[in-house]
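Chains as they are written, first to last, in our numbering: chain U, 60 to 475; chain A, 4 to 312.
Don't read these hints as lab results, they were simulated from the structure.
A hint or two may mislead.
As the list claims (entries may be wrong) - The list that follows gives simulated cross-link-like pairs (lysine to aspartate or glutamate, DMTMM-like), each with its CA atoms no further than 25 Å apart:
id, chain 1, residue 1, chain 2, residue 2
1, U, K403, A, E104
2, U, K274, A, E104
3, U, K403, A, E273
4, U, K274, A, E90
5, A, K199, A, E60
6, A, K284, U, E399
7, U, K246, A, E104
8, A, K248, U, E399
9, A, K248, A, E193
10, A, K45, U, E104
11, A, K45, A, E80
12, U, K246, A, E273
13, U, K274, A, E115
14, U, K89, A, E193
15, U, K246, A, E161
16, U, K403, A, D288
17, U, K100, A, E60
To be verified - Which stretches of chain A does chain U cover? Using the computed rule of at least three CB atoms under 8 Å from a CB of chain U, they are:
id, stretch
18, 35-41
19, 57-71
20, 127-141
21, 160-170
22, 204-215
Stated by the list, open to error - Selected chain U positions facing chain A (Cβ under 8 Å, derived; list incomplete):
id, residue
23, D116
24, T323
25, R366
26, V372
27, Q375
Backbone N, C-alpha and C fix where the C-beta goes; we use that ideal spot for every residue, glycine too.
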Amino acid sequence: MAEPFPETGQVEPEGRIGDNIVYFARALRKAGMRVGPASVKDAIEAVLAAGIGSRDDFYWTLHAVLVTRHEDHPTFDEAFRLYWKSRELIEKMLAMFSPVAPDTREKVKPRAAENRVSQALFEGQQKNRPPREVPEIEVDARLTFSGDEVLRGKDFAQMSAAELAEARKAISQLRLPFDLVRTRRFKPDPHGRRIDPRAMMRSSARTGGQLILPKFRSNRQVHPPLVVLADISGSMSQYTRIFLHFLHALTEKRRRVHAFVFGTRLTNLTRQMRHRDPDDALADCSSAVRDWSGGTRIGDTLSEFNRLWSRRVLGQGAIVLLITDGLERDHVDGLAEEMERLQKSCRRLIWLNPLLRFDGFEPKARGVRAMLPHVDEFRAVHNLDALADLCASLDKNSARSVDPRRWMDSGARYAA
Amino acid sequence: MTVTKPRSVPQSIDETLALLTSADYVADRALATVLFLSLRMKRPLFLEGEAGVGKTEIAKVLAEALGRRLIRLQCYEGLDVSSAVYEWNYAAQMIEIRMEEASGKVERSAMERNVFSEKYLIRRPVLDALTGKAGSAPVFLIDELDRTDEAFEAFLLEILSDFQVTVPELGTIRAEEPPIVIITTNRTREIHDALKRRCLYHWVDYPDAERELEIVRTKVPEANSRLSAEVVSFVQRLRQIDLFKVPGVAETIDWAGALTELDKVALDPETVSDTIGVLLKYQDDIARIGQGEGRRILDEVKAELAAAE
Numbered sequence: 060m061a062e063p064f065p066e067t068g069q070v071e072p073e074g075r076i077g078d079n080i081v082y083f084a085r086a087l088r089k090a091g092m093r094v095g096p097a098s099v100k101d102a103i104e105a106v107l108a109a110g111i112g113s114r115d116d117f118y119w120t121l122h123a124v125l126v127t128r129h130e131d132h133p134t135f136d137e138a139f140r141l142y143w144k145s146r147e148l149i150e151k152m153l154a155m156f157s158p159v160a161p162d163t164r165e166k167v168k169p170r171a172a173e174n175r176v177s178q179a180l181f182e183g184q185q186k187n188r189p190p191r192e193v194p195e196i197e198v199d200a201r202l203t204f205s206g207d208e209v210l211r212g213k214d215f216a217q218m219s220a221a222e223l224a225e226a227r228k229a230i231s232q233l234r235l236p237f238d239l240v241r242t243r244r245f246k247p248d249p250h251g252r253r254i255d256p257r258a259m260m261r262s263s264a265r266t267g268g269q270l271i272l273p274k275f276r277s278n279r280q281v282h283p284p285l286v287v288l289a290d291i292s293g294s295m296s297q298y299t300r301i302f303l304h305f306l307h308a309l310t311e312k313r314r315r316v317h318a319f320v321f322g323t324r325l326t327n328l329t330r331q332m333r334h335r336d337p338d339d340a341l342a343d344c345s346s347a348v349r350d351w352s353g354g355t356r357i358g359d360t361l362s363e364f365n366r367l368w369s370r371r372v373l374g375q376g377a378i379v380l381l382i383t384d385g386l387e388r389d390h391v392d393g394l395a396e397e398m399e400r401l402q403k404s405c406r407r408l409i410w411l412n413p414l415l416r417f418d419g420f421e422p423k424a425r426g427v428r429a430m431l432p433h434v435d436e437f438r439a440v441h442n443l444d445a446l447a448d449l450c451a452s453l454d455k456n457s458a459r460s461v462d463p464r465r466w467m468d469s470g471a472r473y474a475a
Numbered sequence: 004m005t006v007t008k009p010r011s012v013p014q015s016i017d018e019t020l021a022l023l024t025s026a027d028y029v030a031d032r033a034l035a036t037v038l039f040l041s042l043r044m045k046r047p048l049f050l051e052g053e054a055g056v057g058k059t060e061i062a063k064v065l066a067e068a069l070g071r072r073l074i075r076l077q078c079y080e081g082l083d084v085s086s087a088v089y090e091w092n093y094a095a096q097m098i099e100i101r102m103e104e105a106s107g108k109v110e111r112s113a114m115e116r117n118v119f120s121e122k123y124l125i126r127r128p129v130l131d132a133l134t135g136k137a138g139s140a141p142v143f144l145i146d147e148l149d150r151t152d153e154a155f156e157a158f159l160l161e162i163l164s165d166f167q168v169t170v171p172e173l174g175t176i177r178a179e180e181p182p183i184v185i186i187t188t189n190r191t192r193e194i195h196d197a198l199k200r201r202c203l204y205h206w207v208d209y210p211d212a213e214r215e216l217e218i219v220r221t222k223v224p225e226a227n228s229r230l231s232a233e234v235v236s237f238v239q240r241l242r243q244i245d246l247f248k249v250p251g252v253a254e255t256i257d258w259a260g261a262l263t264e265l266d267k268v269a270l271d272p273e274t275v276s277d278t279i280g281v282l283l284k285y286q287d288d289i290a291r292i293g294q295g296e297g298r299r300i301l302d303e304v305k306a307e308l309a310a311a312e
């Protein structure tokens, strides 16, 4: 990339280069990067400060200011390649919006962010295509409060659309868990057990040092991070959709809730879940996830999570909720090791398995047997009661009824 | 550390690159560009990357090359204002109050001024970093920011945008010249966009083979050239495997150093398995490389180097 930068006029903020940076930033924004007006101003200043020596320097100058997340690097790279490759920029801009196929000479293999960037740049062409059909969730506006008891015990998978809507409403009214962990920070607390010298000194200055009264402080408590790994394979998708509603309700009330879904691969939905409106949030999720209702590869996705995400989201005493039926399609080699690593990286690992709703459930599947020894709790999650139980359990320590060893014994009998 | 005469900041990307090279830091042009911009635009530099790719080293090298003081704030969970910014010396304040009482003339406003004066202020790294004189502002390294919590991040926002700190009892302390701020994170959690926006961002990646070889030659000059080439090639291949934690540059340097101490001139399977603990720090990874895969990589390395000769 050491070729001299194509002449783009003199470096003047109000000249063409300034305009071009503005347009470039706009293209980046459309491609999904967060580029605010302030960073555009910074970018122009940075280019003025560095001067334009070579194409490479120009690239890294813009990169320094406009890219703030490592994930955005491929997007930026691709956008830069598409946007600044021309000598006659205006002509190229015209070409971009005309229906001629873009220049593909130097393309060897499809790059990661190419699709997104070209969609942003060539938006005009796509406008007249029919919008892709999005599976719509029917919402019944009628509210029936009777039959609440029946609803609470009913399996999510057997609910009608109207009942699901009500279940969602009930979920938003659940009493959410109020689990707290102690941090090393302090807050003033008259009943605290530690002395607070700073507050004492400040209050004594008020009386001119006549009175030095004791002040106290205690440890501040915060919600620990909650990380959810949910299975969205065919057998699980109904439960997971409902559970995402539960998760959304949690996300509203506390920070540090991370959501991941997996089928054949892992998708991070944390940013999508931040949407205020649950339907918007779920619609965002649906478009972000590419493998709804496909197969499951639990071992591979757990390994990916462990490698790429565990160190980023499992700090500070996180609780992990793993929602899956444990029916691994592929081989189960390495599944136990990945589960063990996951359990060791978090404070508590809770496995939610809708199959537990069957009274005669026995851990027969090899996947289930591989995973069971490495979880702290094993619970059902198929109706509203189960969700309420889960909320209650996050508050306190685990009960005997959810101890995975209860199931492991019967699993051992089965294996023997 | 010994403080030499402060030098002024470099005026171009090439000068920045030369400055880093003169201090034995082998940097690529991308890093030099962003460092130059951060010095020129007086913006904090936000370095993200895996552990052991030389993020902290940049700050140290910069301080040394520019002859500035290095102030380091190591972040940890529960870092608060009293250990990051300032603290009052309570014991001394109490004595001051008693002394004034004993002398018999207690005047409230005067006493408040005395007790809360700079004399009793204990400066912690943040406050310390704001005391630079013009032309010799210190290098302020905020290390592993991801270890602290969001509350501290929000507090840093104020400092990084205005370079001033308000001590309620004393007033606002403003930097004569803003420090050269370098923030590093290992990405154990996302840092908020608001903070990143105030900085220049750079992802410090593992170096390519050529640059890594240069780094090993600079840092371990006594290593045999064949050994360095084999070490670098081996590590580069390790990074392509799905390990839980792939070795960083720091590990490469350590390994080259360790092998040199053992008087090795080339890699052999026994040495690799004896010293692999220098490179890999997780038992799973070690077991995996121990089980044949290490030997396979070593054979590939030898074949490649033989072909290159």
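The hints, checked one at a time:
1. U:K403 / A:E104: 58 Å, violated
2. U:K274 / A:E104: With a Cα-Cα distance of about 22 Å, the restraint between K274 (chain U) and E104 (chain A) holds, given a limit of 25 Å.
3. U:K403 / A:E273: This hinted pair is violated, its Cα atoms lying about 32 Å apart.
4. U:K274 / A:E90: Roughly 17 Å separates the two Cα atoms, so the pair holds.
5. A:K199 / A:E60: Holds - the C-alpha atoms of E60 (chain A) and K199 (chain A) are around 21 Å apart, at most 25 Å.
6. A:K284 / U:E399: 17 Å, holds
7. U:K246 / A:E104: Roughly 31 Å separates the two Cα atoms, so the pair is violated.
8. A:K248 / U:E399: Status holds; Cα separation ~17 Å.
9. A:K248 / A:E193: 19 Å, holds
10. A:K45 / U:E104: 12 Å, holds
11. A:K45 / A:E80: With a Cα-Cα distance of about 28 Å, the restraint between K45 (chain A) and E80 (chain A) is violated, given a limit of 25 Å.
12. U:K246 / A:E273: Since the Cα atoms of K246 (chain U) and E273 (chain A) sit roughly 56 Å apart, the hinted pair is violated (cutoff 25 Å).
13. U:K274 / A:E115: Measuring from Cα to Cα gives roughly 19 Å; hence the hint holds.
14. U:K89 / A:E193: 22 Å, holds
15. U:K246 / A:E161: 21 Å, holds
16. U:K403 / A:D288: Between K403 (chain U) and D288 (chain A) the Cα gap is close to 16 Å, so the pair holds against 25 Å.
17. U:K100 / A:E60: 30 Å, violated
18. 35-41: holds (count 5)
19. 57-71: violated (count 0)
20. 127-141: It is violated: at least three residues are needed, and the stretch 127-141 of chain A offers just 0 whose Cβ sits closer than 8 Å to chain U.
21. 160-170: violated (count 0)
22. 204-215: Check passed, 3 qualifying residues.
23. D116: Check passed: Cβ of D116 (chain U) comes within 6 Å of chain A, closer than 8 Å.
24. T323: 17 Å, violated
25. R366: At about 6 Å, which falls below the 8 Å cut-off, the nearest Cβ of chain A leaves the hint on R366 (chain U) intact, so it holds.
26. V372: Holds, because the Cβ-Cβ distance from V372 (chain U) to chain A comes to roughly 7 Å (cut-off 8 Å).
27. Q375: 6 Å, holds
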